[in-house]
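A.B. asks: Residues per chain, in single letters:
There are 8 protein chains.
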Amino acid sequence: MKTDDVLDAFAAGKISKEEVKRVLLGNTFVDAGCAKVDHCREYRTGGPEVVYCEGKTPEQVAVIMSEIVKCSGRALGTRATQAHFNALPAECGAEYDPVSRLIIVDGPERPAIGKIAVVSAGTSDLPVAEEAAKTAEFLGSRVERHYDCGVAGIHRLFSVMDEIIDASAIIAVAGMEGALPSVLGGMAVPPVIGVPTSVGYGANFQGLSALLAMMNSCAPGVGVVNIDNGFGAAFLAHKINLKR
Amino acid sequence: MKTDDVLDAFAAGKISKEEVKRVLLGNTFVDAGCAKVDHCREYRTGGPEVVYCEGKTPEQVAVIMSEIVKCSGRALGTRATQAHFNALPAECGAEYDPVSRLIIVDGPERPAIGKIAVVSAGTSDLPVAEEAAKTAEFLGSRVERHYDCGVAGIHRLFSVMDEIIDASAIIAVAGMEGALPSVLGGMAVPPVIGVPTSVGYGANFQGLSALLAMMNSCAPGVGVVNIDNGFGAAFLAHKINLKR
Amino acid sequence: MKTDDVLDAFAAGKISKEEVKRVLLGNTFVDAGCAKVDHCREYRTGGPEVVYCEGKTPEQVAVIMSEIVKCSGRALGTRATQAHFNALPAECGAEYDPVSRLIIVDGPERPAIGKIAVVSAGTSDLPVAEEAAKTAEFLGSRVERHYDCGVAGIHRLFSVMDEIIDASAIIAVAGMEGALPSVLGGMAVPPVIGVPTSVGYGANFQGLSALLAMMNSCAPGVGVVNIDNGFGAAFLAHKINLKR
Amino acid sequence: MKTDDVLDAFAAGKISKEEVKRVLLGNTFVDAGCAKVDHCREYRTGGPEVVYCEGKTPEQVAVIMSEIVKCSGRALGTRATQAHFNALPAECGAEYDPVSRLIIVDGPERPAIGKIAVVSAGTSDLPVAEEAAKTAEFLGSRVERHYDCGVAGIHRLFSVMDEIIDASAIIAVAGMEGALPSVLGGMAVPPVIGVPTSVGYGANFQGLSALLAMMNSCAPGVGVVNIDNGFGAAFLAHKINLKR
Amino acid sequence: MKTDDVLDAFAAGKISKEEVKRVLLGNTFVDAGCAKVDHCREYRTGGPEVVYCEGKTPEQVAVIMSEIVKCSGRALGTRATQAHFNALPAECGAEYDPVSRLIIVDGPERPAIGKIAVVSAGTSDLPVAEEAAKTAEFLGSRVERHYDCGVAGIHRLFSVMDEIIDASAIIAVAGMEGALPSVLGGMAVPPVIGVPTSVGYGANFQGLSALLAMMNSCAPGVGVVNIDNGFGAAFLAHKINLKR
Amino acid sequence: MKTDDVLDAFAAGKISKEEVKRVLLGNTFVDAGCAKVDHCREYRTGGPEVVYCEGKTPEQVAVIMSEIVKCSGRALGTRATQAHFNALPAECGAEYDPVSRLIIVDGPERPAIGKIAVVSAGTSDLPVAEEAAKTAEFLGSRVERHYDCGVAGIHRLFSVMDEIIDASAIIAVAGMEGALPSVLGGMAVPPVIGVPTSVGYGANFQGLSALLAMMNSCAPGVGVVNIDNGFGAAFLAHKINLKR
Amino acid sequence: MKTDDVLDAFAAGKISKEEVKRVLLGNTFVDAGCAKVDHCREYRTGGPEVVYCEGKTPEQVAVIMSEIVKCSGRALGTRATQAHFNALPAECGAEYDPVSRLIIVDGPERPAIGKIAVVSAGTSDLPVAEEAAKTAEFLGSRVERHYDCGVAGIHRLFSVMDEIIDASAIIAVAGMEGALPSVLGGMAVPPVIGVPTSVGYGANFQGLSALLAMMNSCAPGVGVVNIDNGFGAAFLAHKINLKR
Amino acid sequence: MKTDDVLDAFAAGKISKEEVKRVLLGNTFVDAGCAKVDHCREYRTGGPEVVYCEGKTPEQVAVIMSEIVKCSGRALGTRATQAHFNALPAECGAEYDPVSRLIIVDGPERPAIGKIAVVSAGTSDLPVAEEAAKTAEFLGSRVERHYDCGVAGIHRLFSVMDEIIDASAIIAVAGMEGALPSVLGGMAVPPVIGVPTSVGYGANFQGLSALLAMMNSCAPGVGVVNIDNGFGAAFLAHKINLKR
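Chains as they are written, first to last, in this note's numbering: chain E, 289 to 532; chain S, 289 to 532; chain G, 289 to 532; chain B, 289 to 532; chain R, 289 to 532; chain W, 289 to 532; chain U, 289 to 532; chain A, 289 to 532.
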C-alpha cells in the first residue's frame with residue numbers, strides 16, 4: 289500500500305492509528321527483553337528473521353527462537369552449539385545438525401521450488417556448504433549438491449557441469465585460492481555466489497586469500513558473501529530463485 | 289547437447305571432428321594476436337565478452353573490440369580512456385562516456401527487459417553507479433536510477449522505496465561506511481548487490497571500509513562485488529534479471 | 289591555580305615546597321609497588337583512576353583497587369575475571385558483573401546526572417553495551433538502554449528515536465558492518481560515540497569492519513573508540529554529560 | 289512533536305497530509321538532479337548539510353551549494369579545490385581558503401558560543417587543524433588555536449595547558465605516533481577528540497599509525513575521527529559545545 | 289674445489305694468497321664506486337649479475353652495466369626507463385624493449401636450451417609475461433609463449449595444453465584472482481612458477497589478491513615469485529631448465 | 289595422445305566412448321561420497337593425490353585414504369592428528385609421524401632419485417622441515433638434511449655449502465626474518481624453494497614477515513610456497529628433481 | 289686477526305689448517321643433533337648464544353642448554369615454559385622465573401657495569417619489562433626499574449626523570465598507543481629502545497598499534513624491537529652499555 | 289639541577305621566577321608563529337631541533353630554520369625540496385644535497401668523534417644511506433660508508449667486515465628482504481640500527497617487507513627505525529657514539 293493511500297484510509301477512518309504506525313513506521317516487532325523479534329521480516333525481505341546464535345547465551349537463543357516459532361511456526365538458528373540447542377524447550381520440535389551448526393524448527397512440508405546448485409571445492413569445505421544447502425532448503429528452495437570439485441582436478445567440475453547450468457543460482461564454496469567461482473562464472477549462465485571459506489593455512493589468513501580472489505574474479509557475474517557465510521549465500525540464492 | 293549425444297552423433301558421422309572439439313572443448317575463440325577473442329561467451333555465460341581496457345594499449349583495444357564487433361555487432365569496453373576510444377576505427381560506431389568510462393558499440397535496438405534498480409549513496413559515487421547502469425542497459429535490462437540516497441539522511445531512501453521493491457535486483461553503490469546495502473537488505477525482497485566505492489579518505493583505505501562493511505552486512509541476501517566494480521554488479525544483476 | 293601564583297605563594301612562604309611539587313609537577317600518586325596509584329586523577333581528568341585488569345594478576349588487582357578504595361571510597365575494574373574479583377578483600381564491598389566483566393566498588397548513593405543513551409545493534413553486542421552503561425552509571429550519569437536496534441530492521445531504531453534525541457550523548461554499539469552510528473548521526477542532534485564490537489566473523493576481522501565503517505561515517509559528529517571498548521565510550525560520554 | 293500527536297492532528301484536520309509526510313518520513317529535501325539537498329538537516333542533526341567536494345565535478349558542487357545557500361543563506365564545502373570554488377556563481381559570496389581547502393559562504397554575523405580548543409602536534413598538521421578550526425567557527429563555536437605542541441617537546445604543551453582546560457571540547461590533531469590525545473586525556477577534564485593526520489612517512493602508512501595509537505589511547509575519554517578529518521572533529525566538538 | 293684442497297694447494301705454494309681469498313671469501317667483485325660489480329656471480333649462481341634499474345640514476349646504471357659488459361660481454365637491466373637506456377654508451381650495443389622495460393646487451397648467438405612455457409591470463413599481463421620471456425631467452429633458454437589463457441574462458445587454456453606439458457618449467461602469469469597456476473598445477477607435470485601481477489583494481493590491492501591466491505594454491509608444485517616479477521620467474525625457470 | 293588422435297581412434301572404433309571421455313574430459317576419479325578420489329593424478333601431475341587432513345573428520349580421512357591405497361598401494365596424509373591416524377584401518381599399514389604430522393602408507397621400496405637439500409634456519413623450524421623432507425622421500429627423491437643453519441650465525445651455513453651446491457633443488461625453511469633463501473640464492477646454482485614458517489612472535493604475524501622477505505629476495509631464482517607448507521615445497525622440489 | 293695475517297701465519301706453519309677454518313670461516317660450533325651450538329658467539333657478537341625455547345621440545349632445550357653450560361658455564365633460555373625448565377638436568381643449576389619466562393643458569397658473580405633504565409608504561413607490561421631487565425642483568429649490565437609511568441599520568445614519568453637521564457640506554461616498554469618512547473626521546477639524552485607490547489585489545493591488533501607508534505616517533509633517537517621482545521631490547525641496550 | 293635545589297635556590301632569591309619556570313617546566317622555546325622553536329633541545333636530548341620539511345611550505349621552513357640558525361648557528365632540514373631550499377635567506381649559508389634531500393647549515397668546523405659505519409645493501413638504497421651519513425656528520429660523528437653490500441652477494445659484506453667491527457654503531461640500510469641487519473648482528477659486536485627502505489616492488493609494500501624482517505631479526509641487538517628514516521638512524525647512532 290502506498291503512503292498516500294495509507295493516510296487517506298486513516299483520514300477516512302478505515303484503518304486505526306496503530307495500523308498506520310505498523311505500516312508506515314514498521315512497528316511490527318515484539319520486544320522479547322534481550323531482543324526485538326520482527327514478525328514481518330519475511331513479508332518485507334523475502335525471508336524470515338534468523339537467529340545468529342554466536343555471542344548469545346543459550347537462554348537468549350531460547351527466548352528469541354521460541355518467540356519466532358510462536359509467531360511463524362518455523363525458525364532457524366545459525367552458528368549454534370549443542371548448548372544452544374539444549375536450552376530450547378522440547379515443544380519447539382527443533383533439530384540440530386552439528387556439521388552445519390544449524391538449529392532448525394521446520395514447519396509443515398512445502399514443495400521445494402526451483403533449483404540451487406551448491407558446489408564446493410574440497411571435503412574440508414563441507415560444513416560451510418552444508419550450512420548453505422540446509423538453509424536454502426529451510427527457506428523453500430530445492431538444492432543440488434556437488435562437492436569436492438576444486439580446480440586442482442578441474443575435470444571433476446566438468447563432469448557435473450551438465451547438472452549445474454540450469455540452476456537458478458550457483459553457490460560456489462571454496463577456500464585456499466578460491467578459484468571455483470571464476471571458473472564457474474566463465475562456463476555457466478546462472479548467477480554465481482562465491483562463499484570464501486577459512487579452509488587453508490598460512491597466507492590464507494583465515495579465508496582472506498579466497499575472499500580477495502573471489503572479489504577479483506575475472507569472470508563477471510560473481511557476487512561474494514562473507515567468509516564461511518553459507519547462510520548468507522543461501523539467503524541470496526533463495527531470493528534469486530524466488531524470481532524464477 | 290549432452291556429452292554422450294555429441295559422441296554418438298560423431299560416431300554416426302552426423303557431426304565433424306571440429307564440431308566435437310568446438311562443443312566438448314570449447315574451441316570457439318579467435319586468436320587476435322594479443323588476445324583470444326571468445327565468440328561463444330554470451331551463449332555460454334549469459335553475457336558477451338567485454339574488454340577490460342585498463343593496462344591494454346589503445347592498439348590492443350582497437351584490435352580486440354573490432355574482432356568482437358565483427359562477430360557480434362555489439363561490444364563494450366570498460367575502464368577506457370579517451371585514447372582507447374580514439375584508436376577505434378570509425379566504422380565501429382562506438383560511443384564514449386567519460387563519466388562511466390565505457391566505450392559502447394550498441395547494436396540494433398532491443399526491448400529492455402525486467403527492472404534493475406541502481407541506488408547510490410552520494411553524488412561522488414556517480415561514476416561507478418553510471419558504469420553499472422549503462423552496462424546493464426547495454427546487456428538488455430531496463431534500469432531505474434536513484435542517486436544520493438545515503439544513510440546520513442535515510443529519509444531520502446525511504447522516499448524512493450516504493451519504486452525499488454519490485455525490481456529484479458537492486459545494485460547498491462556506496463563508499464565511506466558502505467551501509468546502504470544493509471539498510472536495503474532489511475527493507476526489500478529483491479536480491480541486493482553491493483558495490484563498495486573508493487569514495488572517502490583516510491581510514492577508507494581506497495574502498496576497503498565499504499567493502500568490509502558490505503561483506504559483514506547484518507541483513508542477509510547481499511552479494512558484494514569488487515570496489516568500484518559497477519560493471520561486475522551490472523553483469524550479475526542482469527543474469528538475475530534474465531530469470532524473471 | 290596558575291603557575292605564577294603558585295610560585296609567588298611559595299616565595300611568600302604561604303605554601304610548602306611539597307605543595308609546589310604536588311601542584312606543578314603532579315606528584316600526587318602513591319607507589320603501590322607494582323603500580324603508581326594516582327589519587328588526583330578525578331580532579332585532573334573528570335574521572336577516577338580505573339583499573340584495567342586484563343594482563344594483571346589477581347594479586348596486583350587486589351593491591352591496586354584496595355589502594356584506590358582506601359583513598360576514594362569507590363573503584364572500578366574493567367575486563368575483570370571472576371579470579372580477579374575473588375582476590376579482592378571482602379571489606380572492599382565489591383560486586384562483580386560477569387556480563388560486562390566489571391568489578392564495581394560503589395560508594396554512597398549520588399543523584400545521577402543528565403542522560404546518556406546506550407543504543408546497541410544486536411543481542412550479541414550486549415556485553416559491550418553493558419560495560420558502557422554500567423561504567424557511565426558508576427561515573428554518575430543517568431543511562432537509558434535501547435538494545436537490538438540494528439539497521440537490518442531499521443524501524444526498530446525509529447521506534448525509540450523519540451527517547452534518544454534529548455540525551456547529552458549517544459553511545460552506539462555495533463559489530464558487523466557498524467552502520468548504527470551513521471544512521472543515528474544523520475537523525476539526532478546529540479554527539480554520537482561509536483563503539484565497534486568484535487561481533488561477527490570472517491571478513492569482520494575481530495571488529496575491524498565495524499571500526500573502519502564508523503571511522504568513515506558519512507554523518508559527521510561521530511567519534512569512535514576502540515573495538516569492544518564500552519568503558520572508554522562511557523568515560524567520554526560522561527565527560528560530555530558533565531557539561532550539560 | 290510525537291508521532292501520536294502528529295497523527296491525531298492529521299485526523300483532526302489540523303495539519304495536511306504533506307505535513308504528516310514531512311514530519312514522519314522526513315520528506316524535506318529538494319532534488320537538485322545530481323543530489324538531494326536536505327533543508328532540514330540542521331534542525332535534525334545540529335548542523336547544516338555540508339558539501340564534500342572531492343569526487344564531485346565543479347558543476348555539481350556549484351549546483352548543490354547554490355541550492356543550500358538559497359535555502360539557508362550559508363554553506364560550507366570541504367576538500368574543495370580552486371576549480372570547485374571558481375565554478376560557484378559570484379552572488380554566492382563564497383570565500384576559499386587554500387590551506388584548509390574550505391569553501392565558506394558565511395551568513396550574517398552571530399556571536400560565537402562556548403570554547404573549543406584546537407591543539408596540533410606539528411606545523412605540518414596545520415591544514416587539518418585549520419579545517420577543524422574554521423569549520424567550528426562556521427558552525428558558530430568560538431575557537432582557540434594552540435599549534436606545534438607535540439610530545440617530542442612536551443613542555444610546549446604544558447605552557448598552554450592553563451588555557452585548554454576550560455574548553456568545552458579539545459580537538460587534538462597529530463600525525464606520526466599520534467600521542468597528543470593520550471597526554472591531553474590524562475591531563476584535562478574536557479572531552480578530547482583525536483584527529484590522526486597522514487603526516488609522516490614509511491610505517492606511518494598514510495596516517496594509520498596515528499589512527500591506531502589514538503584508538504588505543506591509555507587515557508579514557510578520547511573519541512577519534514577519520515584520518516585528516518578536521519571537519520568531522522569540528523562538527524562533533526560543536527555538538528558538544530552546543531550543550532554547554 | 290673443496291676448502292681443504294684450497295688450503296692444501298696454498299700451503300704447497302701452488303696458488304697465491306689472493307687466489308685463496310678469491311675462492312674462500314668470494315672476493316671477486318670490482319668496486320665501481322656506487323656499486324660492487326660481481327664478476328663471478330654466474331659461475332656461483334647459474335646466472336649473471338643483473339641490474340635492477342629502478343631507484344638508480346641513469347648515470348649509475350651506465351657505470352654498472354658498462355662494467356658488466358666489459359667483463360662478460362653481455363648484460364641485462366630490468367625495470368629500466370628510456371632515460372636509463374639513453375645514458376648507456378653506444379658501444380655497449382644495448383637494446384631497449386619498452387613493453388618489458390628491459391635493457392639487453394646480448395652477446396654472440398648461442399643455441400637456446402630446453403623449453404620454458406610462459407602462459408599468461410590476459411592481455412593486460414603482457415608486460416610482465418614479456419619480461420619473463422625475454423629474460424629467459426637472454427639467459428639461454430628456449431621459450432614458448434601462450435598468452436590470454438585465463439580461467440574465465442578455461443577452454444583457451446585446454447587448447448594449448450598439449451604444447452605446455454613437456455616444458456621444463458611453466459611460468460604462469462596472472463593478475464586478478466590469480467587462479468591460473470592452480471589450474472595448471474592440477475593438469476601438468478612440469479613445475480609451475482606463479483607470477484602474480486598487479487592487473488586489476490579495488491580489492492586487488494596492487495596484486496595482493498593474486499599473490500595470496502597463488503600462495504594458497506590447492507594444486508601442489510607451485511612456487512611463487514614477487515608481484516610483477518617476471519624477471520625472477522625467468523631466472524628460477526632457467527635454473528630448473530638447466531637441469532634438464 | 290593428442291586430441292585428434294583420440295577422436296580418430298574413436299571414429300575408427302578402436303577405443304570406446306568411455307575411453308574418449310576418460311582421456312579428453314579426465315573422468316578418472318572415483319566418487320567416495322564425501323570426496324572424488326582422482327586415480328590418474330600422478331600420471332597427470334607427476335605426483336599422487338595427497339590428503340590434506342585438516343578440517344576433515346577422521347572418518348572422512350579413513351574413507352579417502354583407503355580408496356587411494358586400494359588403487360595406488362601408497363598414500364600420504366598431511367596436517368594429520370593422531371585421531372586421523374587412529375581411524376585408519378590397520379590393513380592400510382600406515383605410519384604416523386607426530387613431528388611432521390604426516391600419515392604415510394609406503395609401498396614397496398624404490399630407489400631414491402637425485403638429491404634435494406632441505407636446509408632450515410633454526411631448531412624450531414624442524415616440524416616444517418621434516419614435513420618437506422619426509423614428503424620428498426615419499427615421492428621418491430633422495431633427501432639431505434641440513435638443520436639449524438640460520439643467518440644469525442652464517443658460518444654454520446658456509447660449513448655445509450659444499451654438500452648443498454650439487455642438489456637438484458634446495459628447500460630453504462626459515463621463520464622470523466626469513467633471510468635464508470636470499471643468502472642461498474646468492475651462493476648456489478640449484479633453484480631455491482623458500483618455505484616461510486610461522487616461527488617467531490609479535491611483528492612476525494604468524495609467518496608474514498618471513499613470507500614477505502622471501503617474496504622480496506634480492507637474489508633471483510627463489511620460488512616461495514605458503515607459510516609452513518613443507519609439503520608443497522617438497523612436491524615442487526620433487527618435480528624439479530624428476531627432470532635431472 | 290686480519291685475513292692476510294691468518295694466511296701468512298698458516299703459510300709460515302704457525303697455525304693449523306683447522307685454525308684457519310675456525311677463524312676465517314667461523315667453524316666454531318658443535319653439532320648437538322637438533323642444533324648447532326655456537327661457542328664463539330659471545331666473542332663475535334658481544335653476547336652469548338641464547339636459546340629461544342618457544343617451538344622447541346623440552347628435550348631439545350635440555351640438550352642445547354646443557355651444551356652451552358658445558359662450554360660457557362652460563363646460559364639463558366627465553367620464552368620458556370615450566371616444562372622446558374623441568375627437562376633440564378639438575379646439575380645445570382638453572383632457575384626459572386615464571387613472570388619473565390626466562391631460564392637462567394648464572395655463573396660466578398661479576399660486577400655489573402654501567403646503567404640501563406627499564407621504564408614501563410603500565411602494570412600489565414611487567415612481564416616484558418622483567419624479561420628485559422633480567423636479561424640485561426644476566427648479560428652483565430646494572431639495571432634500574434621504573435614501572436607504571438605511562439603517559440596517561442605523565443607526571444609519574446617526570447618524577448623519575450632525574451634518575452633516568454644518566455643511563456647508558458633507556459628501554460621503554462609500552463603497549464596500547466606506545467607513546468612512552470616519544471616522550472622520553474624528547475626529554476633525555478640517552479638512546480631510547482622502544483619495546484611495543486601486545487597489551488591492549490581491539491584495534492591494538494596484538495601490539496601493532498604500539499609498534500607503529502614507536503616506528504613513527506616524532507622524537508628522533510628511538511630504535512624499536514619486536515613486539516614483546518624484552519630480550520632483544522636488553523641485548524641491544526647491553527651492547528650500547530658496553531661502550532660506556 | 290635537581291627539583292629541590294631549584295626551589296631552594298628560588299626561595300633563597302638566588303634565581304628568578306622565570307628561571308624556575310624555564311628549568312622545571314621547560315619554557316625554553318620561541319614562538320615563531322607557525323612553530324614553537326625549542327632552543328634547549330640539544331641540551332635536553334643530545335641533538336638540536338631538526339626541521340622535518342615535508343608538509344611545510346617553503347615560507348614556514350624559512351622562518352623556522354632562520355630562527356634556529358639565529359640561536360644555534362647551525363641547522364638541519366630533512367625531506368627538503370629545492371623549493372624549500374630556495375626560500376631560505378642567503379645569509380643562512382645553507383647548502384642543499386638533492387640525493388639525501390637535506391638542507392644543511394653547518395657551523396664552524398669541529399673534530400668528528402668516534403665512528404659510525406653506514407652499510408647499505410644496494411645502490412638504490414643510496415639516498416637513505418646518504419641521509420643517515422650526512423646527518424651523523426652534521427651531528428658531529430665520524431662516518432664510514434660501505435655501500436652495495438647486500439646479502440645476495442654476501443662475500444662483499446665479508447670483505448669490509450674488518451672495518452666495521454670497531455665502530456660505535458652500525459647503521460644497516462636495506463630494502464627488499466631487509467636481511468642485512470640480521471647478518472651483521474650475527475657477526476659484529478657494535479649495536480646495529482636497521483633502516484628498512486622502500487626499495488623494491490610488489491609484495492615489498494613500500495618497505496613493509498624489510499621493516500618486518502628487521503623487526504624479526506634472529507640476531508639480537510638490532511634496533512629498527514622507520515622506513516627510509518636515515519635521519520632517525522643517524523640520530524640514534526650519534527647518541528650511542530656520544531657514549532664511547
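Rather than coming from a laboratory, the hints here were simulated on the basis of the structure.
All of these numbers come straight from a predicted model, not from anything done at the bench.
Glycine included, every Cβ here is placed at the ideal spot set by N, Cα and C.
Hints should not be assumed to be uniformly reliable.
Stated by the list, open to error - The list that follows gives simulated cross-link-like pairs (lysine-lysine, DSS-like), each with its CA atoms no further than 27 Å apart:
| id | chain 1 | residue 1 | chain 2 | residue 2 |
| --- | --- | --- | --- | --- |
| 1 | E | K302 | B | K358 |
| 2 | R | K309 | U | K309 |
| 3 | S | K309 | W | K309 |
| 4 | W | K531 | W | K403 |
| 5 | A | K403 | G | K305 |
Said to hold, decoys possible - Among the chain U residues that face chain W by a calculated CB cut under 8 Å, a handful are:
| id | residue |
| --- | --- |
| 6 | G343 |
| 7 | K344 |
| 8 | L499 |
What the hints assert, rightly or not - Quick list of the computed label-pair ranges, beta carbon to beta carbon:
| id | chain 1 | residue 1 | chain 2 | residue 2 | range |
| --- | --- | --- | --- | --- | --- |
| 9 | E | I453 | W | G361 | 56 to 64 Å |
| 10 | E | A320 | G | T369 | 57 to 65 Å |
| 11 | W | A300 | R | P396 | 46 to 54 Å |
| 12 | R | A299 | A | R430 | 50 to 58 Å |
| 13 | B | M449 | A | A300 | 38 to 46 Å |
| 14 | S | A299 | E | E383 | 45 to 53 Å |
| 15 | E | E397 | W | A300 | 33 to 41 Å |
| 16 | W | R398 | R | G321 | 36 to 44 Å |
A.B. asks: Now, for every hint given, state plainly whether the structure supports it.
C.D. replies: For each hint, the structure was consulted:
Between K302 (chain E) and K358 (chain B) the alpha-carbon distance is near 41 Å, which puts this suggested pair outside the 27 Å criterion. For the hint pairing K309 (chain R) with K309 (chain U), the CA-to-CA distance comes to about 12 Å; that is within 27 Å, so the pair holds. Note on K309 (chain S) and K309 (chain W): the hinted pairing holds, with a Cα-Cα distance of about 12 Å set against a maximum of 27 Å. Note on K531 (chain W) and K403 (chain W): the hinted pairing holds, with a Cα-Cα distance of about 11 Å set against a maximum of 27 Å.
Proposed proximity of K403 (chain A) and K305 (chain G) is contradicted: the alpha carbons are some 46 Å apart, above 27 Å. About 3 Å separates the beta-carbon of G343 (chain U) from the nearest beta-carbon of chain W, less than 8 Å, and the hint is met. A hinted interface residue such as K344 (chain U) counts as satisfied when its beta carbon comes closer than 8 Å to some beta carbon of chain W; here the least separation is about 5 Å, so the hint holds. The closest approach between the C-beta of L499 (chain U) and any C-beta of chain W is roughly 6 Å, which is under the 8 Å cut-off, so the hint is satisfied.
A hinted range of 56 to 64 Å is violated for the C-beta pair I453 (chain E) and G361 (chain W), which are about 38 Å apart. Separated by about 30 Å at the C-beta atoms, A320 (chain E) and T369 (chain G) break the suggested range of 57 to 65 Å. The hinted range of 46 to 54 Å is satisfied by A300 (chain W) and P396 (chain R), whose Cβ atoms lie roughly 51 Å apart. Taking 50 to 58 Å as the suggested C-beta distance range, the pair A299 (chain R) and R430 (chain A) does not conform, at roughly 40 Å.
M449 (chain B) and A300 (chain A) have their C-beta atoms about 28 Å apart, which leaves the hinted 38 to 46 Å range violated. For the hinted restraint 45 to 53 Å between A299 (chain S) and E383 (chain E), the CB-CB distance of approximately 51 Å keeps it satisfied. Between E397 (chain E) and A300 (chain W), the C-beta spacing of about 54 Å breaks the proposed range 33 to 41 Å. The hint said 36 to 44 Å for the Cβ distance between R398 (chain W) and G321 (chain R), and at roughly 56 Å that hint is violated.
Of the hints listed earlier, those the structure fails to meet are numbers 1, 5, 9, 10, 12, 13, 15, 16, in rising order.
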